[in-house]
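Number of protein chains: 2
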Amino acid sequence: MSRQRERGVTPQSEDFSAWYNELVVKAELVERGPAKGTMVIRPYGYRMWELLQSELDQRIKDTGHENAYFPLLIPQSYLTREAEHVEGFSPELAVVTHAGGKELDEPLVVRPTSETVIGEMMSRWISSHRDLPMLLNQWANVVRWEMRPRLLLRTTEFLWQEAHTAHVDEADAMRETMLGLEVYTQVARDVTAIPVVPGEKTPGERFAGAVRTYTIEGMMRDGRALQAGTSHYLGDNFARAFNIRYATESGELAYAHTTSWGMTTRMMGAVAMTHGDDQGLVLPPKVAPYQVVIVPIGKGEQLDTVVDAAKDLLSRLRSAGVRTHLDARTHLSPGFKFNQWELQGVPLRIELGPRDLAAGVGTLARRLGDGKEQIPLDTAPELIPSILQEFQDFLLQRATKFREAHTTVVSDWDAFTSAVAGGWALALHCGEGSCEDEIKADTAATPRCVPLDGERESGACVRCGKPSAYGKRVIFGRAY
Amino acid sequence: MSRQRERGVTPQSEDFSAWYNELVVKAELVERGPAKGTMVIRPYGYRMWELLQSELDQRIKDTGHENAYFPLLIPQSYLTREAEHVEGFSPELAVVTHAGGKELDEPLVVRPTSETVIGEMMSRWISSHRDLPMLLNQWANVVRWEMRPRLLLRTTEFLWQEAHTAHVDEADAMRETMLGLEVYTQVARDVTAIPVVPGEKTPGERFAGAVRTYTIEGMMRDGRALQAGTSHYLGDNFARAFNIRYATESGELAYAHTTSWGMTTRMMGAVAMTHGDDQGLVLPPKVAPYQVVIVPIGKGEQLDTVVDAAKDLLSRLRSAGVRTHLDARTHLSPGFKFNQWELQGVPLRIELGPRDLAAGVGTLARRLGDGKEQIPLDTAPELIPSILQEFQDFLLQRATKFREAHTTVVSDWDAFTSAVAGGWALALHCGEGSCEDEIKADTAATPRCVPLDGERESGACVRCGKPSAYGKRVIFGRAY
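Order-wise, the sequence lines are chains A and B.
In the numbering used here, each residue carries its 1-based index in the first sequence increased by 115.
In the numbering used here, each residue carries its 1-based index in the second sequence increased by 115.
These are computed hints drawn from the structure, not numbers from a lab.
Hints may contain errors.
Any copy, or any two copies together, can satisfy a pair, since identical chains are not distinguished.
Straight line, CA to CA, 27 Å or less: simulated BS3-like cross-link-like pairs of lysine-lysine [what the hints assert, rightly or not]:
1) K151 with K217
2) K176 with K452
3) K141 with K452
4) K176 with K401
5) K587 with K151
6) K401 with K452
7) K401 with K487
8) K176 with K426
9) K176 with K141
10) K581 with K555
11) K414 with K426
12) K217 with K487
13) K426 with K452
14) K426 with K401
15) K487 with K452
16) K414 with K452
17) K141 with K487
18) K581 with K426
19) K516 with K587
20) K452 with K587
For reference, chain A alone in the conformation it holds in the complex:
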């Protein structure tokens, strides 16, 4: 292996999967943990998660939800109370059978999701229509045993938020379900610069126990889809299983209607695969741990002067709210540093050498785009925030164009197979599970969602020719 390859990553065009696996480790986002399928989130990755978390948490609070915390360990019997739920999650459960040196009377499952334990608590807390809506959210770790783990995308443990809400009726619960989806759409677009498509899952792709599941789907740079967040209308399924009832204004007892919605650390994998390239990560400024890295250049006494000026710039940029890092390591060459920060996806680099300093400028290099330009040191703190916003906007535009260029409206099977080989197909479908299964067996593509904003349309199923369902086209694609 060449020294270049050791430090860099396999090109996307050669092996996208290898590119991803190498990148998330070499860019110091994550690493494999000791137990199979587990993941360590390194400081650089965790900072990215904190930034995403803070943006999402603010929106969750602004829309009236309150954070709370529920137990990790759930009595096994709880999982079995909702028939579809237990069927969906049983194969993925991690089970605590021994604790405190003894075998437990009833095994405890490590939460794979918290509908059951939160359902139990809601049944204790809700008695009147005045207690509704109840709008809760939890930031937590969950465990789902994965047969084919993949860093950030499918790990046995991951971090997420899960909102759980209870409402007087379907109409209010559906408003909430769509609100959750809208929050996710905005966070994906405005924070991670991923132009996701919000839509409804077909029945075969629903959450175990849900009446309707909505999703946001992003397109990765290999044309595959990634489910980036889901929002579920659970009807009164969990309310019946856990007896969540309330007295209506007229005094009758009624079951609440509940929802849940979640977004996970998987989003960091989505950012890597939406924006990254052969040089490494490309981070949207809003989730970049460092938005600017300053690299001082020079030798001996000249370097001292340059480093002093770099420190001054660092402090002024930070005061302007720009997350800035000064890479003043002396045992590494500027070239090495350039490569490292490109690999780690820092949006902007400012090189500062004696000649720059004499001219009162820094040399600015964007993570994407050719060439370098001079930036006046004295006004840099005023200029950089808008350059960062431009960069953020550019990433969203580029990803939108990419998605549009790789999405094809298809009306026959040949066009379908060709479209899903490298992107998405917008196709009419009969809505039958067996037909979905055949499509998957032949092409590895699955229905990703029925887009919310799709136009009304009907006709023959692209696969079997039967009349189409859903009243609009469905997005099909291979998925992570």
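Please arrange chain B on chain A, whose structure you already have, making use of the hints.
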């Protein structure tokens, strides 16, 4: 049970323990979870935790530490690598034996603390002296099986932060150990208004695997001690167990010296027991979810006018950075609301009635202190922040006086037993474990710490008369 008792709590003087158990549930901080010993943190309690977390996290970051995340599930064999560690934690472990529908080849323990898994990762990340110090912190849940669980104080699962750091030598690791202790001392004092005493644990009270354990100890209102945070110098014990080695500047391989320090959700119990009274919680403003509650008073059209004015005050107080809640519920009486917010420990209440409004004032009631006073509505946003600061300072002063009044310097056994019956004894002790055990058997008191700022002193052990150890007095007390 009278209606009063249903809504209120058992007086402290009658049964402090019952007072606490009822209070933390009725004030909606926490509730028992379904599995034995587990705890649900309700939105009001969780908001308090978030406020404490944000203050602590800021200080952790400001002192150069980076957050990261390590797996919940740890191979059982890891725990056994450090002999004292496994002995200390084995009785408390929860063990996953089955996952993904199969029995695991090696059981996984649910982390009781993360020295082992972080030690393993540090051994992969550290190779040169340039990688040191490595200053990591994790916010996470941990599980320790508790035979006698108590809400917030001892629950099978709790939330905490655990800092884990690696250093070139003992001197640097000890600096870090004391830094952790100082951060805790400041947070306890300046955020939760608890005048903790920082000190070193005696050998019998050390963390399993530590060379030296430091603690901050607070005095609760029943005179008992509560360990509110600990900081451990681990020597090279974990470095040897996990092979954390680095190349020194001269190129030799040396073991790192590591530390760990943690503070938990137990702090919320400490706040309840340090400041609370028979009316309920008394929250220091810095961790109060609501610092001010506005209660509008009036009927019919008059009430509408009052509520409008209350909304205006709400918005102006919030703009001034005061966490304010408007309790505009119409189906509850003002008296009911007063009781509820007193129970929940809100520092300040502003009553607003038609007569107040006509005079351009609100009626201000502090959670502690007699009487009410008028506060001009137009300047309230300027006045309230300093009233809150006064309240915060008052709580610290009151708790300090209480601690001082219940701490006795003792030189004989009678004085000792009398002191630890209702507070702390400052006593000389021989330092022998068997003597500590006898004291505990007789009085239920244990050595809480050897205070850092204790004056040099020596003499005869208060219990056995042998020469004293430690070179200063030890705090003894009954503890939570």
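Within, between, both or neither: K401, K487 at alpha-carbon 27 Å: within (22 Å within a copy, 48 Å between copies)
Within, between, both or neither: K141, K452 at alpha-carbon 27 Å: within (14 Å within a copy, 57 Å between copies)
Intra- versus inter-subunit Cα pairing at 27 Å for K452 with K587: neither (51 Å within a copy, 53 Å between copies)
Intra/inter-copy verdict for K217 and K487 if alpha-carbon distance must be at most 27 Å: neither (66 Å within a copy, 57 Å between copies)
Status of K426 relative to K414 across identical chains (alpha carbons, at most 27 Å): within (17 Å within a copy, 63 Å between copies)
Within, between, both or neither: K176, K141 at alpha-carbon 27 Å: Between copies only: 24 Å across chains, 35 Å inside a chain, cut-off 27 Å.
Up to 27 Å CA-CA - K401 versus K426, copy category: within (23 Å within a copy, 34 Å between copies)
Copy assignment of K176 with K452, given that the CA separation must stay at most 27 Å: Classified as between: cross-chain Cα gap 24 Å, same-chain 39 Å, threshold 27 Å.
Identical-chain pair category, K516 with K587, by Cα at 27 Å: within (23 Å within a copy, 73 Å between copies)
Same-copy or cross-copy closeness of K487 to K452 [CA-CA at most 27 Å]: within (16 Å within a copy, 64 Å between copies)
Intra- versus inter-subunit Cα pairing at 27 Å for K151 with K217: both (25 Å within a copy, 14 Å between copies)
Intra/inter-copy verdict for K401 and K452 if alpha-carbon distance must be at most 27 Å: Intra 22 Å, inter 42 Å, cutoff 27 Å: intra-copy only.
The structure does not agree with the numbered hints 5, 12, 18, 20 stated previously, though it agrees with the rest.
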